Amino acid sequence: MAFQLTKTQKMVQALAKEFADKELAPIAAEMDKNERMEPAILEKLGKMGFMGIGVPKEYGGAGFGMMEKSLMVTELARQCASTAEVMSVHTMAITGIIKYGTPEQKEKYLTGSAKGWIAGFALTEPNAGSDAANVQTTAVLDGDEYVINGSKCFISNMGPNEGDFVTILAVTDPTRGYHGMSTIIVDRNTPGFIIGKREEKMGIRAADVSELIFENCRVPKTNLLGKEGKGFKIFMEALDGGRIGMASQALGIAEEALKLSKDYLKVRVQFGKPLEKQQGLQWYIADMATKVSAARALIYEAAMTMDRGENCTEIAAIAKYYASEMAVEVTNKALQIYSGYGYMRDYPLERMYRDARIVPIYEGTSEIQKNIIAREELKK
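Sequential numbering of the sequence shown, starting at 1, is according to my numbering.
Calculated directly from the structure, the hints in this document are not laboratory data.
Treat the numbers as computed from the prediction; the structure is a model and nothing was measured.
In this text, a Cβ means the ideal position worked out from N, Cα and C, and glycines have one as well.
Among the clues, some could well be false.
Claimed, not checked - So the derived label-pair ranges between C-beta atoms look like this:
id	residue 1	residue 2	range
1	Asp187	Val267	30 to 40 Å
2	Met344	Asp287	17 to 27 Å
3	Pro26	Asn149	36 to 46 Å
4	Ala40	Asp187	23 to 33 Å
5	Lys262	Ala297	32 to 42 Å
6	Leu378	Ser130	11 to 21 Å
7	Ser339	Arg198	29 to 39 Å
8	Asn134	Asn216	15 to 25 Å
9	Lys22	Glu145	17 to 27 Å
10	Arg176	Gly280	50 to 60 Å
11	Gln279	Met344	45 to 55 Å
12	Glu329	Glu104	41 to 51 Å
13	Lys22	Glu367	35 to 45 Å
14	Pro274	Glu237	44 to 54 Å
Starting from the given sequences, assemble the full structure and let the hints guide the process.
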């Protein structure tokens with residue numbers, strides 16, 4: 001399939017690239033070292049409209065689709081995977097509000113997002129990761145409020161440094177299995193909502209990933225997103241877009257690793273000639289370039305399928321599975337090309353390798369993606 005970006009899409013891509021090169025590249029290593037996103041970066045993301053890229057224009061957003069979001073995440077990830085993660089998770093979290101939100105919910109949360117609010121997406125629990133239907137957090141209706149109790153873990157975009165609201169999956173009818181789960185929006189400062197331990201991670205260190213605790217947390221009934229019992233469906237639909245976003249993050253990391261490798265081979269001299277003349281290393285570049293190109297094509301197909309309003313579950317899983325595994329392989333090869341230098345923190349590849357390693361795990365492990373792909377294929 002041939003892909004031709006529109007003039008607008010090229011503009012979005014160029015804007016994100018300029019931001020990544022000028023704003024992120026100079027401080028990405030420092031943010032990683034400090035394990036903290038610079039507040040100025042989050043503020044600029046909001047002012048430039050990045051957090052509202054998928055928000056409809058009537059709520060102050062850009063009104064763009066998955067293709068534009070994918071291009072933007074890819075460019076941000078080239079220089080800072082943590083920043084790309086913040087944006088990707090946020091756009092996934094508000095997907096349900098865009099599709100199922102009431103006019104009041106849209107006015108509050110989409111308008112806020114267009115101004116720079118950051119949303120979290122709370123599915124994972126200690127016993128409900130890949131087994132998403134095993135969520136134990138409960139939301140019991142008491143008059144005009146839901147009383148929420150339980151905990152979530154490994155939740156992006158909620159922590160001491162970031163996060164304004166979160167969409168959570170909770171059990172509202174324990175007799176109906178996953179058909180008894182609902183999606184509820186919880187504001188950061190709601191009494192009984194506690195942001196617990198901030199995780200110390202191998203990679204994407206600048207992005208907040210935290211434990212969330214709910215202790216008799218009361219939220220208005222009006223914060224129910226969609227209908228009761230439809231929460232699992234809302235979350236699974238959001239994950240289709242989330243997987244395209246994470247695949248885009250993987251692509252950006254790999255694209256930059258490939259670029260750095262080519263630049264290094266052209267200037268590094270060993271055995272009396274540039275490394276680019278060594279056939280074995282040329283083959284490394286060939287393998288890396290082929291896999292980066294294949295991942296890009298899969299991601300574009302997935303994004304365009306979603307933007308056409310077609311079922312994208314399988315192609316999103318294919319793109320996420322391939323791109324995430326590809327990013328780990330490409331950054332590994334890039335680090336090998338740099339040899340000892342690549343292992344040192346003076347160079348960005350050791351950070352990129354650490355950042356890439358999470359992508360085959362979150363938003364559905366590679367093994368879960370293969371289950372989804374097989375399930376969809378066997379329906380045909």
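Next on the checklist: If I claimed the Cβ atoms of asparagine 134 and asparagine 216 lie 15 to 25 Å apart, would that claim hold in this structure?
Outcome noted: Cβ of asparagine 134 to Cβ of asparagine 216: about 23 Å, so the range 15 to 25 Å holds.
Checklist entry - Is 17 to 27 Å right for how far apart the beta carbons of methionine 344 and aspartate 287 are? => result Given a distance of about 24 Å, which is inside 17 to 27 Å, the answer is holds.
Next on the checklist: Given a hint of 45 to 55 Å, does the C-beta separation of glutamine 279 and methionine 344 actually sit inside it?
Outcome noted: Because 27 Å falls outside the window, the suggested range is violated.
Checklist entry - Could one say that the CB atoms of lysine 22 and glutamate 367 fall in the range 35 to 45 Å? => result Distance hint for lysine 22, glutamate 367 holds at roughly 39 Å.
Checklist entry - Using the C-beta atoms of glutamate 329 and glutamate 104, is the stated range 41 to 51 Å upheld? => result Holds - the Cβ-Cβ distance for glutamate 329 and glutamate 104, about 47 Å, lies within 41 to 51 Å.
Item to check | Pairwise beta carbon distance, lysine 262 to alanine 297, judged against the given window 32 to 42 Å | outcome: violated (20 Å)
Item to check | Range hint 36 to 46 Å (beta carbons of proline 26 and asparagine 149) holds or violated | outcome: This hint holds: roughly 44 Å between Cβ atoms.
Checklist entry - Per the hint of 17 to 27 Å, is the separation of the Cβ atoms of lysine 22 and glutamate 145 within bounds? => result Since lysine 22 and glutamate 145 have Cβ atoms about 46 Å apart, the given range 17 to 27 Å is violated.
Checklist entry - Is the distance from the Cβ of aspartate 187 to the Cβ of valine 267 consistent with 30 to 40 Å? => result 52 Å Cβ-Cβ, so the 30 to 40 Å window is violated.
Checklist entry - Does the Cβ-Cβ separation between arginine 176 and glycine 280 fall within 50 to 60 Å? => result holds (59 Å)
Item to check | 44 to 54 Å as the expected CB spacing between glutamate 237 and proline 274, which holds or is violated | outcome: Hint holds: Cβ distance 50 Å, inside 44 to 54 Å.
Checklist entry - Given a hinted range of 11 to 21 Å, is it respected by the beta-carbon distance of leucine 378 and serine 130? => result Once the Cβ atoms are compared, 19 Å apart, the range 11 to 21 Å for serine 130 and leucine 378 holds.
In this structure, the earlier hints numbered 1, 5, 9, 11 are contradicted, and the remaining ones agree with it.
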